[in-house]
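Position chains E, Y and L against the provided structure of chain R, taking the given hints into account.
Protein chains in written order, with our numbering: chain R, 1 to 280; chain E, 281 to 557; chain Y, 558 to 703; chain L, 704 to 1031.
One or more of the hints may lead you astray.
Quick partial rundown of chain L residues pointing at chain E, CB under 7 Å, derived from the structure [as the list claims (entries may be wrong)]: (1) H762; (2) G927; (3) C928; (4) A929; (5) V934; (6) D942; (7) D946; (8) K1012; (9) N1016.
Since the hints were made in silico from the structure, they are not lab data. All figures in this text were calculated on a predicted structure; none of them were measured in a lab. Cβ atoms here follow ideal geometry from the backbone N, Cα and C, with glycine treated the same way.
Listed here are the chains, written in short residue letters.
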Amino acid sequence: MIDHSCSCEDNPLIPKICVVSDVIEETPDTKTFRIQTVDGKKPFLPKPGQLAMISIFGVGEAMFSITAQGEDYIDSAIKKVGVLTEALHSISPGQKIGVRGPYGNGFPIEGLEGFDLLFVGGGIGLAPLRSLIRHSLENRKNYGHIDILYGARSPEDLVFKDDLFENWTKQPDTIVHVTVDKADAVWDGNVGFVPAYLEELAFQPRNRKVIVCGPPIMIKYCSESLVRMGFDKKDVITTLEMRMKCGIGKCGRCNIGSKYICLDGPVFTLSELDDLPDEK
Amino acid sequence: MNDIETKLRETVKRLLADHTVRYVIGWEATRFEDKTRPAFISDSADTDRLVWNKYCVSSLAKYALDEQHSEGKIGICVRGCDSRAVCRLIEDKQLLRENLYLIGLPCDDKEMNICDTCTHRNPVIYDELVGEPVLERQADRFAMVGLMEAMSADERYSFWESNYSKCIRCYACRNICPACNCRACYADQERVGWQGKQMNTAQNQIYGLTRTYHVGDRCIECGECERVCPMMIPVMLQTRKMLKDINEMFGDYECGLPDGRAPVLGEYTLGDADDFM
Amino acid sequence: MSVNIKEGWEPKILAFCCNWCTYTGADLAGLNRMKYPENVRVARVPCSSRVNPQFVIRAFQKGCDGVLVCGCHPGDCHYVTGNYFTRRRFMLMKKLLEYNGIDPNRFQARWISGSEAAKFRDTVTRVSEQIKELGPNVKFREGRWS
Amino acid sequence: MKLLKKDLKEALRLISDDFELLLPGEGSGVSRFALWDGGDIDLSYGNTQLPPKDILFPHTEKMYSFKCATDVEVTEEAEAKSRIVFGIRPCDMRAIECMDKVFLEKGFTDSFYSRKREHTLFIAMGCTNPCRTCFCDSMGLTPGDAPAADILLVESDDSFEVKAQTQRGKEIAECFGRLLTDGKVQVSKVSCALKTKMSDDLPEKLSGMFEHPIWDEVGRACIGCATCTYVCPTCYCFDISLDNHGSEGVSFRCWDSCMFSDYTRMAGGHNPRPTKKERVRNRYMHKLSYFNERYGSALCVGCGRCVEKCPANLDITEFIDKVAEVRL
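Bound-form chain R, shown alone (with noise of 0.2 Å):
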């Protein structure tokens, strides 16, 4: 018997108790938790984009994209939609919880360098897109203008307010374009879903990489505008959302072809999503 109660693992089926330390009320049903190791340190180091499998011990286990890390801790952004994701959100901080990862390929960082960026994110889609924000602002230089276009269904449900509002805004030669189905009293701003908006602010195909997160349905219809606004499927990358239950390649549940979602993917540029067979 191999005792875990440390945080050193070697074998990536079994989770690493970790504790949550932090957690921060996004939206009345998203919350960001901030997890660190038993003894305070990150994890793992992820990639912007990758993900971590997250288990509550008698509950269950599910994928969870990163969507920040700082010195010694790493963050999700998760929204209360099932039976797991309730008992996370009923856990105060302090509380240990199990974390195994990182798995999948995360965002081509390289191929991204001197390009414009266009993220393109709905509803808890941007907590992936977050991860990669937050490293292209970090390494500012590397990237070209910056647009950041986001929408949910209310106000109300838009997560990492203080990002979009403040922090991003603030940011040189990026733009945040906000937008939201159904405003209410108060919002000013855009009042539309993501793609319509996206082509009202017809983007200049040229020397523009294009990240795309959010629910199936948004992704289907940014990608065809995109394809109409003229931008090469290369250019357009995005993730897919498979049922995942190892997260390492080995249980064959995430395949689509002979590529495995959760080590492949999960994101996809255009291009290679149209080599896929049509099972998605």
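The following block gives chains E, Y and L in isolation, referenced to the frame of chain R:
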């Protein structure tokens, strides 16, 4: 090529030609002489694929569930047990009689041991009969159950425990059984916790007994669950025990007959047997 | 499988009591300070026909040595026909469990109305003695992970 | 080196001193690999009905146990006894090679599998009379040899030729060295009864046939059970689940099957493979094309178990022949 086979092919050719049915479910030959495969013939030129011999043993009725909501009739070749399976599915409100065109096939040549205790060799319902009805034979359906009951309690427990410890939970018995037609099976609702996914004797026992109880009073005794079990577990011995008790306590009872009688556990009479006083 | 019964061993018996009759009968027994063995755990169910055969098997797997299902007398059911289905269901269940090797005394059913507090006490006492005699149940046990 | 058949039992007794010995046996009606009880050895099986897959990749395997009452403890299941699998056939040995590729390569090593794999030795036995459903020579295997085995036994009527193929195999052969005599065994050419037109370009051809109408008919008779995947020596899909007892519990993994209807069903009900057609297509494509694209060899070893055990008698060899005839 016996004459029933040719007559069957002609019947199906006629049915397809005059569009009585959209397609016909029957059996076709495979690479092995003693195996046949369910076939779905929709083109009248294909009817030569249909066969009728002693190896046509797999039950066909449940395949009609795959397209139960599309219009147009589905033709099914029905032996005695298939016709009872169709009655079962109609009784369970899964199929509508008017969506089906049943081609009856009296069946007397099969060599499966379940067929020795078959009490309905002629189809109980059909739209058209191919071949002459055969002689029905009397059979003691519960002989094996009697042998089992004669054993001691511990012998019976270890018999069933060793059988259930073999089960690999492939769920073939559930997927082939016409009485097992729930839209969402309890065994798939892992989150609710009725049935764990792990394979150990305890989980297999609860699966085996629960399925026995779910289909016990609606089982048409076609024996498919035993035929398809890769681990050769005598599944029928359990369901037939329930049918034997039903016959003893609630009067003669056979499932899947067109008399439209409700399943035993779905009805009651005031004078039922009762030793709970 | 002879089982040596350690002295001082107390059987675990699970009694499903229908809320309208047996549960009130048990309440009445308590009111009248009737003494009945405490190794019976009462589970209140809205009607005896709420008891699913899986509950019975799971009870044995989780460690019970005996299961008792009690309900209103046929005709008194608050839901009018509940116990008629119970009757058929558990007459068959009793035989099926026996067929699978469980001693018939380990699974019993009784009609106990709201006023029959004495009958509740006697039933529970008798079932408890019968099961104490049979010893711990080793069948259908859910083994722990090796 | 040669070992007489009558000395086999003695040889096995020698090596079973410090190894657990598993060999084909009949367990209440089903042949499978089981612990040797010292009895006599029946080697008449072509391949066992249940594959030796469950030796390295058990149907249900405890991964870790946890206690989460006050503090959280996680203890990993790390046992691995040293074992010898005797009498494994070339098709199952190739299946073990495929499993090794999956569990030990591509960036992550599955410790549960690798721990068992290191502690398990394989003594393979060439086939002399294959079963009626065997078609391994159509899938690029030769019934006579098993390159990945530690020792290969070539059978003749009264003796075996013992070929130690790995260092560990040599050590095992030394255990019963005194029973060995010099000499070779004349190998007779063995051919499988069942043939299928598998070819090197079939994986390529299949990957272009994803929308081909052939798929509408192929899976119609399937009843969506897991028999084919659970008797298949190369199916490695598994599910991870929890077994809770109050504040303690065990996380385990167990076999799962892509043929089940809710294998890919996601929260909210979306299912990329909703009907039998997609699921049968996925299984055949995985066996004959996807695995080849990812690991370079077919995932079907031609053992014929699914052909024998399928309740609806679907036959992968008939499918391969149909694909071979398709003109793209």
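Status of each hint after checking the structure:
no. : hint  : in the structure
1   : H762  : holds, 5 Å
2   : G927  : holds, 5 Å
3   : C928  : holds, 4 Å
4   : A929  : holds, 4 Å
5   : V934  : holds, 6 Å
6   : D942  : holds, 6 Å
7   : D946  : holds, 6 Å
8   : K1012 : holds, 5 Å
9   : N1016 : holds, 4 Å
Against the hints set out earlier in the document, no violation occurs for any number.
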